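Counted the way mature numbering (1 follows the signal peptide of the UniProt record, and there is no 0) counts, the sequence shown spans residues -25 to -1, 1 to 165.
These aren't lab readings, by the way, just hints derived from the structure by calculation. Hints should not be assumed to be uniformly reliable.
Claimed, not checked - FRET-style restraints, in silico, Cβ to Cβ: (1) Pro148 with Tyr18: 32 to 38 Å; (2) Gln104 with Gly155: 33 to 39 Å; (3) Glu115 with Pro89: 36 to 42 Å.
As the structure is a computational prediction, the values presented were derived from the model and not from experiment. Here a beta-carbon is modelled for each residue, glycine too, at the ideal position from N, C-alpha and C.
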Amino acid sequence: MARKTIAVLLATTATLLATAGTALACPGPPAHPAYASAEFENYHAGAEAVTYDPKLVQVGSDATVYSLPTWDGKTTVILRVHGLLLNHMYGAHAHQKSCGATGDVAGPHYQNKPDPVQPSVDPAYANAQNEIWLDFTTDEHGNARSSTTVNWQFTDRHAGAVVIHAEHTHTDPGHAGTAGARLACITVGF
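When you get a sec, could you build the whole thing from the sequences and use the hints?
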């Protein structure tokens, strides 16, 4: 029921944004919204959400991600998780590729302006304005919601997944954007 409600809200929001954009005579339509919702499972071909560490992201817990582009050129991304460890801090970021057999398959963080040096740990590129950061702390039920809005949209390049990490994201030079081990991944068609 909750997933259907989110899908209806997403469609309604897109319609409202389109109507508002027409009324304001904006230069052009935003990129398409994205939505993914799945339970974490052990990897198998076709898995939409994969756990790489079932002790920290349990099989059967779930995540929902949706991305809403706006007529003013921004993008809001929302992450909701259910059934993770209680009162626990996690990092989360949009990554370049879809999920796979290991967390590394999702590739590096998606960056609006790519860092020419990879892996990127330069705060000029690895930051919450150039990447999509969705760090969260679960509540006493293991649930959390996180969101971010960036001042850009996906164009000819797209992210492919949201990866959940072992710790909140670091911001210091030489470690910027790092958040520990890749614990789980949900494929999202940004």
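Now for the hints, and whether the structure bears them out:
1. Pro148 with Tyr18: 32 to 38 Å: 34 Å Cβ-Cβ, so the 32 to 38 Å window holds.
2. Gln104 with Gly155: 33 to 39 Å: violated, 22 Å
3. Glu115 with Pro89: 36 to 42 Å: holds, 39 Å
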